[in-house]
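J.: Now for the letters of each chain:
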Amino acid sequence: MSNKVIYAIYNDDDILMDAVKKTRAAHHHIEEVFCPFPVHGLDKAMGIAPTRLAICAFLYGCVGISVATAMMNYIMIQDWPQDIGGKPSFSYIENMPAFVPIMFELTVFFAAHLMVITFYMRSKLWPFKEAENPDVRTTDDHFLMEVAVHDNEEELVSFFQNTGAVEVKVIDKH
Amino acid sequence: MYTFSSKLKTISFVLMAIGLLGIGYGFYTAPKDIKEVEEILAADSHGTHAVQKEHGSSSESNSHEAHGSTEENHAETNSSSPKHEVSSDDEHTEHLNHVLHQLQNKPWSALYVACIFFMLVSLGVLVFYAIQQVAQAGWSPVLFRVMQGITSYLPVGAAIFFVLLILCGLHFNHMFIWLDPEVVATDKLIANKTSFLNFPFWIVRAAIFLTGWCLYQFYSRKNCLAQDEASDDLLYKKNFKLSAMFLVFFIVSESIMSWDWIMSIDPHWFSTLFGWYVFASFFVSGVTTIALVTLYLKSRGYLEFVNNGHIHDLAKFMFGLSVFWTYLWFSQFMLIWYANIPEEVTYFITRIQLYNLPFFGAVVMNFLFPLLILINTDFKRISWVIVMAGVIILMGHYLDFFNMIMPGTVGDSWFIGVSEIASILFFLGLFIYVVFTALSKSPLLAKRNPFIEESKHFHY
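Protein chains in written order, with the UniProt record's numbering: chain A, 1 to 174; chain B, 1 to 460.
So that you can see chain A by itself, here it is in the shape it has in the complex (with noise of 0.2 Å):
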């Protein structure tokens, strides 16, 4: 079986949400989609399942909150006891307006440093690593649809002119 795909360029981002939906209406599989800038609502018209990194930010903040109430209790009140605001209970609870700020720091320094890293991880982008987009203009002005090709090639290239397309090229992926 060829591992044939269809490249559909286009110049517009309200040509490409179009051209999106028909596609997705003619059950065409979309297999990617490489845009200059982000494009709003164009997840929903891929039909691309709902973003799970909300869930990972709110674990990752509890980790932070947990990691800051450890580690100022042993600092703070553990291995070295401190008078703080001269009121020397030396309990963590009592204390604890005190430590608010850095709970509240280190809550949010754990949810966004992790959910940048785990997301560049989901989307398997690491430093060095080369390029996939298909095509240099989709860094510049271009989007580029890509649609597996399956024994339709022909019909498929004439469904994507007349989406809008300003190219359209059929590449053997290997």
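No lab work stands behind these hints, which were simulated from the structure alone.
Please note that the accuracy of each hint is not assured.
Claimed, not checked - Quick list of in silico lysine to any residue cross-link-like pairs, SDA-like style, CA-CA up to 25 Å:
| id | chain 1 | residue 1 | chain 2 | residue 2 |
| --- | --- | --- | --- | --- |
| 1 | B | K316 | B | T326 |
| 2 | A | K21 | B | N307 |
| 3 | A | K44 | A | G164 |
| 4 | B | K441 | B | A230 |
| 5 | A | K87 | B | S331 |
| 6 | B | K447 | B | L292 |
| 7 | A | K44 | A | F109 |
| 8 | A | K44 | B | D313 |
| 9 | B | K316 | A | F109 |
| 10 | B | K316 | A | K21 |
| 11 | A | K44 | B | N307 |
Given the coordinates of chain A, work out where chain B should sit on it, guided by the hints.
T.: This is chain B only, laid out in the frame that chain A set:
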């Protein structure tokens, strides 16, 4: 056009009637003299003298501001006078007098808290509306008529509130101890503040602020209604300028208003971010009220142009502003807790020792609950979740105002009983009646607003 359903109208009248009865009952049962107080205290402590003594000592150690000031004066005169012995009878009478004032303040304070809360909710909506106008927001114009409906309560609430302030000034109660010349004469700290805290200046300020807000409410609504029939955007631009001027006036007057009507109840204490704190509290309540009224109208088949995206945005504001309120609540608390300066920290000691449940209960209702329930994107689009969260948020912020006002006026004699609940019911009934009457008087869509098409097609 919306028609005020007779069912809702009946509910509002019933609420007002029950409220009036309860308020009357509260005033009627308040003790008239020391003897009645003695009976109440005796009944509370089952008539034993020992328990009465304990009661006296506990209120001494946890003296709230009003009490503290009289006690300080008392202590000063004691130390300066050669006769050092004060008979325990005198002290007992003084304590009874003090409790009498607290108990007489109680129905007044209950009325005051409910009155200022509902008035400030409509003011919060007015500010939100003005911000939408100035920001030229594209998502919100479909909600303008709902906001205008809610803000039409402002003139009514302001009038009642102004009458209450005048009654305070005429010494019908002892809520503002700095209004009492006898207290000012013996209290150095208050005496230093008399150039600002005196009845004429105070009442004139109140008149200016209330009139200013009501004028903006009136003209902004008038222009918006006239814009429906206009052929150009002139009135819209006029409203833009008017809103910008209002916001400048508001932020100054709001700050002073919070000192005048709330912070001066504890005249020895001050906090520099108090204005913001009060603002955060009624702003989030205002946005919540917009969401609740919108959802009610939608459930009755009106506002077909309001989609789930608008509701979602309101819920995001409810969530974000709840966190904003907590930020200010905590900032105010932490600095005072950390510095531990006696005249500042008494404010929180009173609240934590005597008002433990409402004080921390407000944090749970205004922060923890909305944080956990509204953090989820899907929940922000479900009506019943928003209604539940909204009701809790509104009750929590009533409690927040209760915590700001009650400790300075009734001290440890607080109770959420007939007076408090009846006052809430009365103003709730009045609020529903005024708001939905106003909503039925104009079309629910500001059809000639330049952003109305964008707003109708708003999707998140």
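J.: Against this structure, judge whether each hint is valid.
T.: Okay, the hints, checked on the actual structure:
1. Of the supplied pair hints, the one linking K316 of chain B and T326 of chain B holds, its CA atoms being roughly 15 Å apart against a limit of 25 Å.
2. For the hint linking K21 of chain A to N307 of chain B, the alpha-carbon distance of about 22 Å falls within 25 Å, and the restraint holds.
3. Proposed proximity of K44 of chain A and G164 of chain A is supported: the alpha carbons are some 21 Å apart, at most 25 Å.
4. For the proposed pair K441 of chain B and A230 of chain B, the alpha carbon gap of about 19 Å is at most 25 Å, so the pair holds.
5. Between K87 of chain A and S331 of chain B the alpha-carbon distance is near 19 Å, which keeps this suggested pair within the 25 Å criterion.
6. Simply put, K447 of chain B and L292 of chain B have alpha-carbon atoms about 23 Å apart, close enough for the 25 Å limit, and the pair holds.
7. The suggested pairing of K44 of chain A with F109 of chain A is violated, with an alpha-carbon distance near 30 Å, which exceeds 25 Å.
8. As the CA atoms of K44 of chain A and D313 of chain B are separated by approximately 19 Å, the hinted pair is consistent with the 25 Å bound.
9. The hinted pair formed by K316 of chain B and F109 of chain A meets the criterion: a straight-line CA distance of about 22 Å does not exceed 25 Å.
10. A C-alpha spacing of about 29 Å is found between K316 of chain B and K21 of chain A, which places the hinted pair above 25 Å, so the restraint is violated.
11. Between K44 of chain A and N307 of chain B, the direct Cα distance comes to roughly 18 Å. Compliance with the 25 Å bound is thereby established for this hinted pair.
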